[in-house]
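Chains as they are written, first to last, in this note's numbering: chain A, 80 to 435; chain B, 80 to 435.
If you are wondering where the hints come from, they were derived from the structure by calculation, not from laboratory data.
Treat the hints with caution; some may be incorrect.
The list treats identical chains as interchangeable, and a pair is accepted whether it falls inside one copy or across any two copies.
[To be verified] Okay, derived cross-link-like pairs now, DSS-like style, lysine-lysine, Cα gap no bigger than 25 Å in a straight line:
#1 K393 - K211
#2 K291 - K187
#3 K167 - K187
#4 K184 - K393
Number of protein chains: 2
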Amino acid sequence: MKIHNYSAGPCILPPEVLRKASDAVVNFNGTGLSILEMSHRSKEFVAVMDRARALVKEALQVPDHYEVLFLQGGASLGFYISALNYMKAEGGKSAYVNTGSWSSKAIKEAKRVGTVDVLASSEGENFNHIPKGFEIPSGVDYFHFTSNNTIYGTQYRDLPTSPVPMICDMSSDIFSRPINVSDYAMIYAGAQKNLGPAGATVYIIDPEKLGKTGRDIPAMLNLQTHIDKESMFNTPPVFSVFVSMLTLEWMLEQGGVEAMQRVNQQKADLIYSEIDQNPLFEGKTSVEDRSVMNATFDLVNEEHKAVFDDLWQKAGISGIKGHRSFGGYRASMYNALPLDSVAALVDVMRVLKSKV
Amino acid sequence: MKIHNYSAGPCILPPEVLRKASDAVVNFNGTGLSILEMSHRSKEFVAVMDRARALVKEALQVPDHYEVLFLQGGASLGFYISALNYMKAEGGKSAYVNTGSWSSKAIKEAKRVGTVDVLASSEGENFNHIPKGFEIPSGVDYFHFTSNNTIYGTQYRDLPTSPVPMICDMSSDIFSRPINVSDYAMIYAGAQKNLGPAGATVYIIDPEKLGKTGRDIPAMLNLQTHIDKESMFNTPPVFSVFVSMLTLEWMLEQGGVEAMQRVNQQKADLIYSEIDQNPLFEGKTSVEDRSVMNATFDLVNEEHKAVFDDLWQKAGISGIKGHRSFGGYRASMYNALPLDSVAALVDVMRVLKSKV
Chain A
80 MKIHNYSAGP
90 CILPPEVLRK
100 ASDAVVNFNG
110 TGLSILEMSH
120 RSKEFVAVMD
130 RARALVKEAL
140 QVPDHYEVLF
150 LQGGASLGFY
160 ISALNYMKAE
170 GGKSAYVNTG
180 SWSSKAIKEA
190 KRVGTVDVLA
200 SSEGENFNHI
210 PKGFEIPSGV
220 DYFHFTSNNT
230 IYGTQYRDLP
240 TSPVPMICDM
250 SSDIFSRPIN
260 VSDYAMIYAG
270 AQKNLGPAGA
280 TVYIIDPEKL
290 GKTGRDIPAM
300 LNLQTHIDKE
310 SMFNTPPVFS
320 VFVSMLTLEW
330 MLEQGGVEAM
340 QRVNQQKADL
350 IYSEIDQNPL
360 FEGKTSVEDR
370 SVMNATFDLV
380 NEEHKAVFDD
390 LWQKAGISGI
400 KGHRSFGGYR
410 ASMYNALPLD
420 SVAALVDVMR
430 VLKSKV
Chain B
80 MKIHNYSAGP
90 CILPPEVLRK
100 ASDAVVNFNG
110 TGLSILEMSH
120 RSKEFVAVMD
130 RARALVKEAL
140 QVPDHYEVLF
150 LQGGASLGFY
160 ISALNYMKAE
170 GGKSAYVNTG
180 SWSSKAIKEA
190 KRVGTVDVLA
200 SSEGENFNHI
210 PKGFEIPSGV
220 DYFHFTSNNT
230 IYGTQYRDLP
240 TSPVPMICDM
250 SSDIFSRPIN
260 VSDYAMIYAG
270 AQKNLGPAGA
280 TVYIIDPEKL
290 GKTGRDIPAM
300 LNLQTHIDKE
310 SMFNTPPVFS
320 VFVSMLTLEW
330 MLEQGGVEAM
340 QRVNQQKADL
350 IYSEIDQNPL
360 FEGKTSVEDR
370 SVMNATFDLV
380 NEEHKAVFDD
390 LWQKAGISGI
400 KGHRSFGGYR
410 ASMYNALPLD
420 SVAALVDVMR
430 VLKSKV
């Protein structure tokens, strides 16, 4: 039976990427060696790293002078790295919007480094919407936001612009749509949604905005260290970078982020229209902030839960249980999830309606 | 042609580990899903993480109350993590021995956190030996050393003991021999030598020695965070942990660290005895500190270089060029390198002697 993999991350990857990755684990590019047992300084792997970095630039039309890095630690380490690299040592100030548990963690780490002004928060409403109408002050060192909230299923459909350097944790929607990279001082994202397997974190950096803090930064947390060493200061997460390269190749072959956006919108339209039309279901977030990546919804009547859970499991659907902190259901529809899989879920929702 | 993979790290892994890893990239344990696209919170992956942690304990006879973590960032991030977690916030003091470039980097990061007393250093002799006769003062927060120096080919053949908490970067010789884990407050090691692919870093920690610094530590750099969350505070490097688990299984099937030590010593005896007996070659380090993992040697006469390089390349030997900072040749003989591969290199060294 085909599995419809709705896992929230690590998540579905394209089958051809997985096949190529599997082959490379036993024999990389006909070298007779596994990609796992080659030196990261070998010309073969240096070419992989260079290509992965270049494909990120190509995919998002990143300005020439920006730098792309593949580091480790996920967005969780990125929270602290952001603050260390952009908040001034003396009187450092930053502005954040709190739209979910990842934003909350980012704020917590930034507070260890300097002053944090939380401009707006939807925490009081259990993060069921994206706050609007906040003004970014010009007197802060940077502004930070989280573009998509995996747990709650909200997303900035219109991305902000900022009078100060803007930093975005784009972990769960990078490469899902075109963005204007020049609006950002830095974008960072864990690989394990639209980019590749867990273990790599991509950073897209305007180097002109770095080095303004007057702060001594530990080598591994200093973005300039990694820029100077072309993302090879220490041993990189070789396999995660390689599979990210394969996924970027796949994405560009499909037509790039414009094509991803088109299909992602079709998938989102399909599920949200069912949520809205089917009287047994209701969305969990404000309609205007609905995420194209993660659709969260509830059964109107919990009595239908046993039947519904049985139906989707029998249909080969996996991973739609909502996050423990938000409950209900969550359909994560990252780039590699085919429209067919969304159709399979919508079918099950319709079958439920016909049964009760 | 069989490749004799002497890569210094990432390095050779057992063929059966690579085959199992390759299979799991397309279908993990018959689930129909790739190990790369499963949630790290799935029961399947939680079982992998738990097993990997348990196998580390089994392999090294780690005391029950110790904790094993699989984190990210390599030893390079471990340098800073060590200092942050063990050096007191007020009047923090530490003691280091400098035996190579990794020790030097560890010292550099520790100096950002507090006072570092370098007890001994072989830097003046280009790190060609392990300093002896140093005394570890009882008034420091911890003592740190690097057990094996990959670049220079030196190793503590007798491991030190310490009156203060002892921390060791064991990246390049962990699992190569039995050790007495209870001597250490913490051992850390990048996976990419004897454990698995790049991207994971193992920490073996006595939790009783943690939490004594009075320091506010960022969440991702705080070992207690990861202990509290059973190594799943954030998305772990899933594939690297999985392949590490497979490698640990392989190692235990072979007879564990005692068996590794026996074969590693045979490999070392074979190459070093040729280096000593063959008048065309000479070792680069003090004989008593020779590493069982990385044998470094020079041609006595550089005129033979072209012929020797041609011979070993034609024999399928790969990765024996020395590190740029130390020159000459380096034969890295990690656990998965078969004795046959060392025999192949020794054969080439003998052929060179017969030719010139």
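The hints, checked one at a time:
{"no.": "1", "hint": "K393 - K211", "result": "neither (41 Å within a copy, 67 Å between copies)"}
{"no.": "2", "hint": "K291 - K187", "result": "both (22 Å within a copy, 22 Å between copies)"}
{"no.": "3", "hint": "K167 - K187", "result": "both (17 Å within a copy, 23 Å between copies)"}
{"no.": "4", "hint": "K184 - K393", "result": "neither (37 Å within a copy, 55 Å between copies)"}
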